[in-house]
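Starting from the structure of chain A, add chain B where the hints point.
Protein chains in written order, with the working numbering: chain A, 1 to 293; chain B, 1 to 236.
Hints were generated in silico from the structure; no laboratory data involved. For each residue, glycine too, the CB sits at the ideal point set by N, CA and C. Some hints here could point you the wrong way.
So the derived list for chain A, only partly shown, Cβ under 10 Å to chain B, looks like this [unchecked claim]:
hint	residue
1	Ile101
2	Gly103
3	Thr118
4	Val125
5	Leu126
6	Tyr127
7	Tyr130
8	Ala132
9	Val142
10	Arg146
11	Ile156
12	Tyr162
13	Val165
14	Trp167
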Amino acid sequence: MRNTSLLLRATGLLAVAGLGATVWLGIWVTPPDEHMGNLVRLLYIHPPAAWVAFLAYGVAFLASLLYLWPRTRDLRLDRVAGASAEVGVVFTALTLLSGSIWGRPTWGTWWTWDPLLTTTALLFVLYLGYLALRSVPGDPVVRARRSAIGALIAFIDVPIVYFSVDWWRSLHQPPTVDLATRQMYVHGSMAWTMLLGFVAMTLLYCWLVGHRYRLATLVAIAESEGAEVALAERRAEARSDRLVGAGLGRLADVPSSPALEPAGAARAETMVETLGSEWRPEGGAGLAGSSAS
Amino acid sequence: MWRDALLVAGKDLRIELRSKVAVNQVVPFAVIVVLLFGLAIGQSVSPSGQALPGALANAGILRGAAAGLFWVAVLLSTLLAVQRSFAVESADGARDGLRLSGLDPGGIFLGKCGATMVLLVALEAVLALVAALVYDVHPAAGALLVATCILATAGLVFVGTTYGMLSSGTRVRETLLPLLFFPVGAPVLLAATKAFDAGLSGTPGAATSWIELLAVFAVAYGAVGTVAFGPLLEDG
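Isolated chain A (complex conformation):
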């Protein structure tokens, strides 16, 4: 546990250092582009963010698939999938935002129905749905299975969306905006900065997912512990109910007769012991089931 937190901290420091170096190189060291001028500096942010988004969905999909496979079923995988998808949605938003900011001055429009753009936008909505599905309260095991199937359905849709939008554009009309600018030459300090951007963003992803996973584990513990406490309380409640039913409640209800109380309490204890063996709290099975996981 200690090693893990150290590793996580180191990843976080490296990510921050890497991002800082990317910003420094990206803004002060690298030259402006011949055609794009200073706009080219988005190159160090936008593609790495997009890469992390796709990486995150890939990881979420793999974890969900492994969760559905009976031999590797583990609630930890479910938490990895949730953590990864959540970070993925944030980075998809960043990708769309930075792409839009880039597109406005270079293509003259905030948005174009390019296959890649449209797929990314649909991906964003798809995984928002997935996160909404995850946030539905319920038994952790049920929720994990539901989410894993949801992730599977969403991921299968990605290539279908891409191909459909691609054909749509190519059959419909040639793209109004030439995306050939994507294939620009990147060399020298720019290439290195871009590479650093990729590494830094990936580290940032690992760090965020690590923390998100840690939080999810804590939440899961809190949920199961919470159920445990609730169960104990309910048991105690049901115990006093039983005493009232057995006619001993009157003794317990009248504390003003101290002479009677110890004897009454003692009788109540034996009563509980005899009852306890056969007695089960209502709804206890469900609670116990959820707390066991």
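Leaving out everything else, chain B in the frame of chain A:
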């Protein structure tokens, strides 16, 4: 599995025959959507063609967008049909009955999908008639249109029913289902619209790849749904 599917589909269709919810509510809803599109885009256009000169351009837009508008209406109606399909199971512990019936879960899935598909294809037939009238389009390649309807509806219903099952146990199902369903259904909307465009413009050859895409979509999600339905039913 297939026998179970037939049983479940028969049950759902019988319920529809007696309750007539799809006929009385979903079909009118789809027609209203089609008319609303007409109001939004092609103002002052009447089916008889007595349009004001200024509105002629709008009539053209409406005619050009007819296929897409039709499929958006179908997409919205699919959501209602799927919700209805699971509302039937939520009352009177019907879901527990289904779980205890010993029917094959894959069969239950295919049966529920089959019943919803039958209703939706019937709805599409009515809707196509209305849309052809009010949007003033003349279908050319009938077989292509029918094939598109069946494949696209199958794909939508498979995804919708899987997601319907996924969200049916939750308290937020009314709002969750559209959020899950519409993004996944987007490629179907696109492909079906393109195939319809080809059919309406009399160039059915352009629709081949779209029909293939619809078929791949339907098969993929049919398979996922059939496999996933069992575990989801148990969870309820």
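These are the hints, each one checked on the structure:
1. Ile101: Cβ of isoleucine 101/A sits 24 Å from chain B, so the hint is violated.
2. Gly103: violated (21 Å)
3. Thr118: holds (9 Å)
4. Val125: Check passed: Cβ of valine 125/A comes within 4 Å of chain B, closer than 10 Å.
5. Leu126: Nearest chain B Cβ about 4 Å off; hint holds.
6. Tyr127: It holds, given that the least Cβ distance between tyrosine 127/A and chain B is near 9 Å, below 10 Å.
7. Tyr130: It holds, given that the least Cβ distance between tyrosine 130/A and chain B is near 8 Å, below 10 Å.
8. Ala132: holds (6 Å)
9. Val142: Holds: closest Cβ of chain B sits about 4 Å from valine 142/A, inside 10 Å.
10. Arg146: For arginine 146/A, the interface hint holds, since the closest Cβ of chain B sits about 6 Å away, which is under 10 Å.
11. Ile156: holds (6 Å)
12. Tyr162: holds (9 Å)
13. Val165: Since chain B brings a Cβ to about 7 Å from valine 165/A, closer than 10 Å, the hint holds.
14. Trp167: holds (6 Å)
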